[in-house]
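> Take a look at the letters that make up each chain.
2 protein chains.
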Amino acid sequence: MSNRICRLFKIKYPIIQGGMIWCSGWKLATAVSNAGGLGLIGAGSMYPDVFREHVQKAKKATNKPFGVNIPLLYPNTQELMNIVIEEGVKIVFTSAGNPKTWTTLLKEKGITVVHVISNSKFALKSEEAGVDAVVIEGFEAGGHNGREETTTLVAVPAVRKVTTLPIIAAGGIATGKAMLSAMILGADGVQMGTRFIASQESSAHDKFKAEVINAKEGDTQLSLKQLVPVRLIRNDFYNRVNEAEIKGDSKEQMIDLLGKARAKKGMFEGDIIEGELEAGQVSAIIEKVDSVEHIIADVVLEYKVARAQVSHVKFDIG
Amino acid sequence: MSNRICRLFKIKYPIIQGGMIWCSGWKLATAVSNAGGLGLIGAGSMYPDVFREHVQKAKKATNKPFGVNIPLLYPNTQELMNIVIEEGVKIVFTSAGNPKTWTTLLKEKGITVVHVISNSKFALKSEEAGVDAVVIEGFEAGGHNGREETTTLVAVPAVRKVTTLPIIAAGGIATGKAMLSAMILGADGVQMGTRFIASQESSAHDKFKAEVINAKEGDTQLSLKQLVPVRLIRNDFYNRVNEAEIKGDSKEQMIDLLGKARAKKGMFEGDIIEGELEAGQVSAIIEKVDSVEHIIADVVLEYKVARAQVSHVKFDIG
Chain A
2 MSNRICRLFK IKYPIIQGGM IWCSGWKLAT AVSNAGGLGL IGAGSMYPDV
52 FREHVQKAKK ATNKPFGVNI PLLYPNTQEL MNIVIEEGVK IVFTSAGNPK
102 TWTTLLKEKG ITVVHVISNS KFALKSEEAG VDAVVIEGFE AGGHNGREET
152 TTLVAVPAVR KVTTLPIIAA GGIATGKAML SAMILGADGV QMGTRFIASQ
202 ESSAHDKFKA EVINAKEGDT QLSLKQLVPV RLIRNDFYNR VNEAEIKGDS
252 KEQMIDLLGK ARAKKGMFEG DIIEGELEAG QVSAIIEKVD SVEHIIADVV
302 LEYKVARAQV SHVKFDIG
Chain B
2 MSNRICRLFK IKYPIIQGGM IWCSGWKLAT AVSNAGGLGL IGAGSMYPDV
52 FREHVQKAKK ATNKPFGVNI PLLYPNTQEL MNIVIEEGVK IVFTSAGNPK
102 TWTTLLKEKG ITVVHVISNS KFALKSEEAG VDAVVIEGFE AGGHNGREET
152 TTLVAVPAVR KVTTLPIIAA GGIATGKAML SAMILGADGV QMGTRFIASQ
202 ESSAHDKFKA EVINAKEGDT QLSLKQLVPV RLIRNDFYNR VNEAEIKGDS
252 KEQMIDLLGK ARAKKGMFEG DIIEGELEAG QVSAIIEKVD SVEHIIADVV
302 LEYKVARAQV SHVKFDIG
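Chains as they are written, first to last, in the numbering used here: chain A, 2 to 319; chain B, 2 to 319.
Source of the hints: derived by calculation from the structure; they are not laboratory data.
In this text the structure is predicted, and so the values were computed from the model without any measurement.
Careful: at least some of the hints might be erroneous.
A pair holds if it fits inside one copy or across any two, identical chains being indistinguishable in the list.
Unchecked claim - Simulated crosslink set (DSSO-like; lysine-lysine; CA at most 27 Å straight-line):
1. Lys122 / Lys60
2. Lys162 / Lys126
3. Lys126 / Lys289
4. Lys208 / Lys13
5. Lys315 / Lys208
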């Protein structure tokens, strides 16, 4: 295993399935791990007892490494971390918070820790906190997103400049060619979210999967910037948020408009008109729902073909 | 010459210097062409007589191919096109408008025509209009920008899917690694703007060049979205625009706030507080002002090294 991400997680391919709310339970995560990548259970949409159930099911469904993603912005983080330790989860991705809060404790328990960041300043903070790797996520990524809006093409080399840590690139990556590009820019592996929404094994509602498949360029937009910026597929709900933003509505008005449980409504229950549909720009080039096994095989094959083609005369210059 | 962009323009390297207002006159354009790329005189900030002077000086300063970039949003386009034809300019890049308006006429005069686009829909329109190539410019690019906010990493493969035309990738590209990445994603060549702002030969004010060099991630933002979206370096002027946007100011109020000649004031006259400073996100990884000759040599060398390294064991997976 020459690849650092493969060595770190003891996996075959340096392909991580991003932990996503309402899409990545034990079924998706273990399908990815069984196919040679690293699957992550997305704890962000789970109550602690549901999270424990998913971890226990995952342990039964695979003997390969898998992990969990825990966004640090909810009040139940301590409970989730207790479950991680009690259930012997070996890999934790943290996001949306300070990498110093949990890394030391988790590392003491022998857990591999990765922090999700959106710029090089947080790469340095993560390194100081003692993480094993970082995910650098660009503006094009679905769901929660950084405020600086730096894209993957710029953010990956910016992070590579400041740290020797293994880097996982995320945002805009759904193909083997994009994976190879990210690795040329300085990444050691990639994280894909949206491509795995459009998998048979994801728990996304079929109507939401269809929205991802049918989305064209421009059909996702970074939204709710006054609260936590989040990339959404444009629908009636998005349009109302957008109008409110242009009108100059206050933060409080936006919180009212958002209401509760819109992501569940959209992504899990399939209300594609009133729900919040978190997906990345790369929806524009994803064309069908596939099995996880097929997705991983497709990305790996395209990566290998693209890698071989780089030596062809087509790439000669000067 | 195996590369289609090199064949099309009869140049050594498929590296285009983006036509920029206040930065790319005859001096920068011919330096790029003399170094083996394709230099473009940016007509957007030039009165017709000034534009003619730049074209005439460029013809004297190089015997290599060079071109001009004409944004189609100003009332003097007809005059500029007359000068193009009278002076025998051989390559025209059009932007910010409909590719059908000028392509047929220019092609009849034997001129090579390239149109700048921000999505695949306009790639098809450009192909129908009969252009010779397209520039696909991502969200991270400086200056005027598309409304859909699609990044280069997503836009290049999206355009590659719909057209067989030669594709020039722009936005976020300042290095040989980014160039190789763009070509793996489907581009035949690249256009760099911001990297050439930070050249000795650009007519940008030294204070503006220093702003580009010193910018970090997040220091440029897409702004003035209610008018024509434009990526700017954050300064006092930008902050006022941003506050006005959050407050929900009207389009008319934004036009008042913008006033006149702010880009000239900032980029050419060096008022970095009150001026409009158009630059790309990639400012974050550009570290010094170099000669054009050095920039081209540096990008080409890094491209070649990166290309050779792709076959190394570091890129083995599975």
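> Could you work out which of the previously given hints the structure breaks and list their numbers from low to high?
Going through the list in order, the structure violates hints 1, 4 and 5 and respects the others.
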